[in-house]
Amino acid sequence: MTTNYRAFAVGLLLCLSGSANSVDLVINRDIDYESLSRNTLRSIFSMRMTQWPNGKPIRVFVMGDKTSQHADFSKHVLGVFPHQLRRAWNRQIFSGMGQAPMKVNTEAEMLEQIENTPGAIGYLSEDNINERVRKLSVE
Amino acid sequence: MSVYGSSPLNKCWAIRLLALLLFSANGLSASQLDQLDGALQVHGFLTQAYVKTTENSFFGDSQDGSWDFRELGINSSYRFTPSTMASIQLLSRRAGEMYDGSLDLDYAQLDSTIYTADANRVGIIVGRYKNPFGLYNDTRDVAATRPGIFMPQAIYWDRVRNMVLSNDGAQLFGDLQVDEHRFSIRLIGGKTPIDENVEKSYLNPLLDPEMEQDGLTLGGRLLYEWDGGRFNLAYSSAQLTLDAETSLLPDGEVEIDYRVLSAQYNSGRWSLTLEYMQEPLNYSGFGGLMDAGDTTLDGYYLQGTYRLRDDLELFARYEESHYDKQDKRGEKTAQRLGLEAHNFYSRVSTLGLLWEVTEGLIVRSEFSQVDGTIFLSNLENPPPQMRSRNWNLFSLLVSYSF
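Protein chains in written order, with numbering that gives the first Met the number 0: chain A, 0 to 138; chain B, 0 to 401.
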């Protein structure tokens with residue numbers, strides 16, 4: 000558990016100092032953004048914001064709750080734990096108020112989906128990001 | 000690829016559903032089915048609990064160990080456009096003698112966002128919708144989202160669950176995000192399904208009460224969230240009037256007011272929740288003794304949760320319920336009605352453990368020490384004179400959701 004705390008603390012520090020995280024936010028190239036605020040991202044990934052300002056549907060892609068990429072993204076970019084995000088989704092799904100994000104099993108699949116799905120948003124490790132998707136910074 | 004923990008609906012959804020239940024949704028790849036980009040989704044849950052009490056009956060014949068607490072739900076939603084969604088959920092809930100497990104329409108609603116800009120929106124929901132009361136009412140039957148095996152009875156009574164559960168009508172909603180602050184408002188208006196649990200809780204079961212709602216239930220919830228839900232504050236309220244016929248008394252009416260104040264703090268590993276409920280009851284038309292029985296019920300709980308490991312959570316909860324908020328020990332009410340005081344309050348201390356075995360599969364175990372019998376159902380217990388004041392409750396629950 001100590002290791003977890005340390006990792007979390009280091010992650011937070013990295014985040015606060017504005018350095019790159021181990022996973023970065025990526026979107027489909029047709030969405031014309033360079034950056035998004037953390038509040039907007041939280042609305043998107045908690046599935047409460049369903050459309051881009053141009054009216055196109057937002058398609059959210061995530062990896063499994065227990066993957067290191069998902070944990071990294073949740074904690075360091077959104078600032079919430081995976082179990083908190085899971086509960087937020089469950090509350091929406093089972094009250095009829097919202098829908099679940101789409102799940103991918105690998106980063107290769109994530110890359111493919113973000114590239115080919117209009118309005119897609121997700122995350123990838125720095126090494127796996129290329130010109131097929133648009134990398135976004137978090138304000 | 001699959002919709003998270005689920006798979007998009009196609010013609011033969013029953014087979015898909017079966018496949019989902021047989022195989023872990025985690026490993027299921029359904030790319031060949033995904034013609035709709037996740038706009039059409041199916042989700043569900045299966046819960047089975049075991050309940051053992053030292054005295055009294057709670058969720059079945061619990062003194063002998065009860066398996067009569069079971070919840071099965073399946074839902075589907077379809078997003079026509081980013082601002083229009085239809086959703087439906089069927090629920091079978093067996094809860095001792097209170098709910099028999101018959102298949103109910105839990106909700107069936109059409110949700111339309113009229114205005115939207117970033118995270119701000121205004122919209123309307125029509126149909127049967129779950130009431131947004133307190134922090135948990137709208138998903139109270141889903142084991143993965145509620146704060147324990149049983150809902151804190153001080154706020155979320157199971158013996159009158161249907162009265163606060165849902166409405167048939169319309170709901171207006173609005174969300175406003177300003178930096179770290181989010182304000183949400185929900186206004187509800189509709190008809191409330193009334194069942195035997197309600198009839199026999201607000202009037203003496205020996206009177207064979209039958210009730211019908213007069214007018215509409217009106218209410219809503221104001222919710223403030225700070226920093227993505229790190230701190231939440233909410234006020235919920237609803238009013239309804241029930242016309243009642245009994246076998247003995249003149250026809251009368253019961254006016255019910257339900258108010259909940261909620262506060263919650265979430266840090267990464269721990270969270271603290273406090274909810275307080277007040278429910279003024281007004282009886283009229285029944286004559287002397289009944290009409291003089293107006294009271295204001297109240298109750299609260301405080302729950303602290305700590306996440307020991309990524310998959311393990313421990314919680315402690317204390318709750319209190321009172322039949323009359325002026326008479327916390329129930330003594331005055333007891334004197335007036337000629338019953339023992341413990342029938343008019345409950346104090347419960349609970350310790351619980353949650354283990355998230357895999358994505359979607361959870362196991363919970365809880366132990367409660369109870370003083371008082373106020374939240375026991377009249378449908379599954381002998382008359383108040385025969386109920387025991389002090390009792391313990393042990394429960395175990397397994398739930399799978401996808």
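Just so you know, these hints were derived from the structure itself, not from any lab.
It cannot be assumed that every hint is accurate.
Taking beta-carbon pairs under 7 Å as the criterion, some of the chain A residues facing chain B (in silico) [claimed, not checked]:
no., residue
1, Tyr32
2, Leu35
3, Arg41
4, Thr49
5, Asp71
6, His75
7, Phe80
8, Asn89
9, Ser94
10, Gly95
11, Gln98
12, Ala107
13, Leu135
Some, not all, of what chain A presents toward chain B, calculated at C-beta under 7 Å [to be verified]:
no., residue
14, Arg28
15, Ile30
16, Asn53
17, Pro56
18, Asp64
19, Ile92
20, Phe93
21, Thr105
22, Leu110
For clarity, every value in this text was computed on a predicted model and none was experimentally measured.
Don't be surprised by glycine CBs; every beta carbon is placed ideally from N, CA and C.
- Task: Against the earlier hints, flag every one the structure doesn't satisfy and list their numbers going up.
- Result: Of the numbered hints, 1, 2, 5, 6, 12, 13, 14, 15, 16, 21 and 22 do not hold.
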